[in-house]
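Model the placement of chain B on the given structure of chain A, informed by the hints.
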Amino acid sequence: MPQFIGRRFLLLIPVLLGVILVTFMIVRLIPGDPCVAMLGERATPQRCEAFLERYGLNDNLFVQFGRYITNLAAGDFGDSIKFTRPVTDLLSERLPMTLELTMLAMLFSTVVGVGLGVISALKRNTIIDTITMIIANIGVSMPVFWLGLLLAYVFALLLKDTVFVLPPSARFTAGVALQNLDVYWGLTNLTGFKKFIVDLMSNTVLVNVLITGDWKIFGDSLKHLILPAVAVGTIPMSIIARMTRSSLLEVVGLDYIRTARAKGLAENKVISKHAFRNALIPIVTIIGIEAGSLLSGAVLTETVFNLPGMGTAMVGAILARDYPVIQGFTIVIALIFVLVNLMVDISYAYLDPRIRVD
Amino acid sequence: MNNSTTIAKIPTSTRRSPTREALRHLWKHSSGKAGIFILTFLILVAIFAPLIAPYDPTQLLKDQKRRDTPCIHLLGCPKEEQQHIFGIDGNSRDLFSRVIFGSRLSLQVGLATMTFAILIGTLIGAIAAYAGGVVDNILMRIMDVLMAFPSLLLAIAIVSVLGTGLINALLAIGIVSIPRFARLVRSTVLSVKELEYVQASRALGASPMHILFKRILPNAITPLIVQGTLGIATAILDAAALSFLGLGAEPPRPEWGLMLGEEKNSIFSAPHLVIFPGIAIMLTVLGFNLLGDGLRDSLDPRLTHGGKQ
Chain A
1 MPQFIGRRFL
11 LLIPVLLGVI
21 LVTFMIVRLI
31 PGDPCVAMLG
41 ERATPQRCEA
51 FLERYGLNDN
61 LFVQFGRYIT
71 NLAAGDFGDS
81 IKFTRPVTDL
91 LSERLPMTLE
101 LTMLAMLFST
111 VVGVGLGVIS
121 ALKRNTIIDT
131 ITMIIANIGV
141 SMPVFWLGLL
151 LAYVFALLLK
161 DTVFVLPPSA
171 RFTAGVALQN
181 LDVYWGLTNL
191 TGFKKFIVDL
201 MSNTVLVNVL
211 ITGDWKIFGD
221 SLKHLILPAV
231 AVGTIPMSII
241 ARMTRSSLLE
251 VVGLDYIRTA
261 RAKGLAENKV
271 ISKHAFRNAL
281 IPIVTIIGIE
291 AGSLLSGAVL
301 TETVFNLPGM
311 GTAMVGAILA
321 RDYPVIQGFT
331 IVIALIFVLV
341 NLMVDISYAY
351 LDPRIRVD
Chain B
359 MNNSTTIAKI
369 PTSTRRSPTR
379 EALRHLWKHS
389 SGKAGIFILT
399 FLILVAIFAP
409 LIAPYDPTQL
419 LKDQKRRDTP
429 CIHLLGCPKE
439 EQQHIFGIDG
449 NSRDLFSRVI
459 FGSRLSLQVG
469 LATMTFAILI
479 GTLIGAIAAY
489 AGGVVDNILM
499 RIMDVLMAFP
509 SLLLAIAIVS
519 VLGTGLINAL
529 LAIGIVSIPR
539 FARLVRSTVL
549 SVKELEYVQA
559 SRALGASPMH
569 ILFKRILPNA
579 ITPLIVQGTL
589 GIATAILDAA
599 ALSFLGLGAE
609 PPRPEWGLML
619 GEEKNSIFSA
629 PHLVIFPGIA
639 IMLTVLGFNL
649 LGDGLRDSLD
659 PRLTHGGKQ
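The listed protein sequences correspond, in order, to chains A and B.
Read in order, the letters of the first sequence are residues 1 to 358 in this note's numbering.
Read in order, the letters of the second sequence are residues 359 to 667 in this note's numbering.
Bear in mind the hints are in silico, worked out from the structure with no lab data behind them.
Quick caveat: nothing in here was measured; it's all calculated off a predicted structure.
Any given hint could be a false lead.
Said to hold, decoys possible - Quick list of the computed label-pair ranges, beta carbon to beta carbon: (1) Y184(A) with P428(B): 50 to 60 Å; (2) R424(B) with D33(A): 35 to 45 Å; (3) Y184(A) with F399(B): 53 to 63 Å; (4) L21(A) with Q557(B): 51 to 61 Å; (5) P428(B) with L319(A): 24 to 34 Å; (6) P45(A) with R424(B): 43 to 53 Å; (7) F399(B) with R258(A): 56 to 66 Å; (8) L553(B) with L319(A): 50 to 60 Å; (9) T473(B) with L21(A): 23 to 33 Å.
Said to hold, decoys possible - Below are the DSSO-like pairs computed for lysine-lysine, each with C-alpha atoms no more than 27 Å apart in a straight line: (10) K273(A) with K263(A); (11) K622(B) with K160(A); (12) K160(A) with K223(A); (13) K123(A) with K622(B); (14) K123(A) with K273(A); (15) K123(A) with K386(B); (16) K423(B) with K622(B); (17) K82(A) with K263(A); (18) K622(B) with K82(A); (19) K622(B) with K223(A).
Where is the CB? At the ideal position from N, CA and C, for every residue including glycine.
Okay, chain B solo, but in the shape it has when bound:
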């Protein structure tokens, strides 16, 4: 938020690499730091899920009552009962184990869709800006059309073509995220492609590919990281939404949105089945949002005062 002052304070005599400098800023940024903590926690949970989760996420516990309330020994639940700290879900599975394993899926969903969108978006944006003329016009009008739909609704429409299922849902979310990155990369390429250092490179006989990938695109990395991080948050929300509607992940996969969708009608009788997966989604999205905000402020000071991005 107040990076203009922090930047002014950096002593010019000590030289650090830009990456280290950015990380230092990120660490000083309160929401950036909070984001790092939340995400580190989630990544650890995802990696060690089999060790943390007491049960298999799809295992049916026949001796347990369906939709049973949480039983936590520390909070006075009788020792002779089995401990289920988030309770039992509608198919008599341990909800805690399912939520824990869900972290793997959500992180994969976020990373996979954004990697896809960034790669394709970068390619489209770079081609449009570098080729210019008709190619640019056609590609950008296609992007305009994609942006004329509210993104989740376009994703829903794409799923209706591809068919329901997790992979198709991810593909749909990836596709609707492309225009954002294409526009970003295009504007970066346009702004630097006529600069002198690029012309110098061209005069030295560098190939167009070399110029594009080695001289021009590195300029786009910073905004791509910021937008990508914020995009992961949106992608996780959208994927959860599609699964909630029954258009994404299929049972018995431990997907948080699907868990909410399956139990939405038990909100009055067994609210714990709705509360815990929801908190998990919120925490993950919050982590990426905070990290994205922190990265934006620490990587690209110009953006913090522009507002429009």
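Looking at chain A on its own, in the form it has when it is part of the complex:
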């Protein structure tokens, strides 16, 4: 098993280099003068000269790429042109929000999706099966942002006077804010990687709350995250439900299940112990593939619910032509996606011992 994991890690290297190359090329491929593209109306010959010098755009491409990789390895993603701050600062502010949303959406889509799929498979060709699969088909066809808007309309306006009311925007109720952990711990003048990690922890609600013990903020944040998470999770939920159904149905028809039944095992044991574990492999694959859809969905949903995550920052950066931010955020998102797929690969090997020797 360790060997298998090691080999998968090695296979990541070329892909990651490719990802870095693609993001590197983003700036170099912009049609026209990169200086004019990035500085816009502020571009004067003197400013452009200084700009090209500062970003090293005068050197040849190989030198630039080498420097780009060295900087990335040192944790330097460059500075945002719009905010004149390091991209890593923005990252430590924005990444936690997006990760929280993605994780909650993944939890929702997996639990509900697998649940619906199992019910559908066990009640095959009944009205319950039909209804579940109609829901799944419609769910997979809904634009994430549209579902988000509808959920906001229903839960924030129509159900305003009931217990089901949920907030339609922002990460916290106005006035509520996370404590800065560096202040909490009495650390001053943090720099570099340490500052990045502490900021990252400060901005991650669960981590922050576990340290400071302020569970009210956790509840508040969760309330704000439910609608976006349901919106983001609905498409993956529908796909997981369909996959669970077909995968379970396929396994249930196999001989060893008949054997398990023939030896008198209780039906729920047959399903939970024998059928489900083998049905899990395609389900896990789909969950991995859907990680991309969850991340994309999170980006879209943030704009609907005004959440201060990576998505809103990316869109802002594109409209402001803030390329260092676009590059940095794209790399991080691709990295997360690649790592999730690595975890999926590893979990296959755990679920199906045959894969390890392959």
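Just chain B now, with coordinates in the frame of chain A:
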């Protein structure tokens, strides 16, 4: 879903062409049939849009209140008011006309991006598999890298290079869809290129191009049709998403995603402006998804039990 049983029932004595056979299966497939109905309806709407829509989609109706609620005469709206069955949008245009004309754009978007992705993907996949060795390795590693990004985010990054706008958004969506088709075609070509009938063709002196296009690639058509149909659904969703973010179609174009993006802040005051374009997107995507599912089950029975595709 249960095509294995339906296939077993086909009497072997009556011979039909494979295409007719597949269409017959598709027609029997409940979601396939539903998809055909939805898409036929949408195509008719798109073709006859100028006849159905009461107004020009970009025409400003100066005498109408902005974001006015729907007025339908049949449902009791006073006859002296002008009928606007989906209401008036934020720029005092007739929303119904805009949604109707939007169908043209969405269908074009889906077809154009997928045609582009299938053509380029097929070319890359076929070259990779046929050439093998270093060429194969390089091409497929490039595809791996493209697949290392969540597709919509890569599309967003590409739009940031090309600049915003509908054509650039379509190009971006087309590019991110290429790897899927390249891989599909590559695996098909690899699986058949050493088969005897191909070798026979080679022995008869056929040119590599002839072998590739006439002997090998026809094997890839079925999975390409299935993946292409499902891909259209994704492409329409992604294009709507880019326009929603303000990175795709530009005003005043009647694009459904753009309509949603323009009116997202009026969800509480004028929900109809959000509901109708959204239903239109959902219906179109649902149509392609259902047709794709139906095609997969009726064209390629092997896939229905494989799960992984």
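Results for each hint:
1. As the Cβ distance of Y184(A) to P428(B) is approximately 54 Å, the hint placing it in 50 to 60 Å holds.
2. Between R424(B) and D33(A) the Cβ separation comes to about 41 Å, which falls inside the hinted range of 35 to 45 Å.
3. Distance hint check for Y184(A) and F399(B): the Cβ-Cβ separation is about 60 Å, which falls inside the suggested range of 53 to 63 Å.
4. Taken as a hint, the range 51 to 61 Å is violated for the pair L21(A) and Q557(B), whose Cβ atoms sit roughly 39 Å apart.
5. Remark: the range hint 24 to 34 Å for P428(B) to L319(A) is upheld by a beta-carbon distance near 33 Å.
6. Between P45(A) and R424(B) the CB atoms are about 46 Å apart, so this pair conforms to the stated range of 43 to 53 Å.
7. Between F399(B) and R258(A) the CB atoms are about 45 Å apart, so this pair departs from the stated range of 56 to 66 Å.
8. A beta carbon spacing of about 53 Å between L553(B) and L319(A) agrees with the range 50 to 60 Å that was offered as a hint.
9. The hint said 23 to 33 Å for the Cβ distance between T473(B) and L21(A), and at roughly 28 Å that hint holds.
10. Straight-line distance between C-alpha atoms of K273(A) and K263(A) comes to about 14 Å, which keeps the hinted pair within the 27 Å bound.
11. Restraint check: the Cα-Cα separation between K622(B) and K160(A) comes to about 19 Å, which is no more than 27 Å; the hinted pair holds.
12. Between K160(A) and K223(A) the alpha-carbon distance is near 14 Å, which keeps this suggested pair within the 27 Å criterion.
13. Simply put, K123(A) and K622(B) have alpha-carbon atoms about 40 Å apart, too far for the 27 Å limit, and the pair is violated.
14. In summary, the hint linking K123(A) to K273(A) is supported, as the alpha carbons are separated by about 19 Å, within the 27 Å threshold.
15. For the hint linking K123(A) to K386(B), the alpha-carbon distance of about 23 Å falls within 27 Å, and the restraint holds.
16. Straight-line distance between C-alpha atoms of K423(B) and K622(B) comes to about 18 Å, which keeps the hinted pair within the 27 Å bound.
17. For the suggested pair K82(A) and K263(A), the alpha carbons sit about 69 Å apart, so the restraint of at most 27 Å is broken.
18. For the hint pairing K622(B) with K82(A), the CA-to-CA distance comes to about 26 Å; that is within 27 Å, so the pair holds.
19. Simply put, K622(B) and K223(A) have alpha-carbon atoms about 21 Å apart, close enough for the 27 Å limit, and the pair holds.
Comparing the model with each numbered hint stated earlier shows that hints 4, 7, 13, 17 do not hold.
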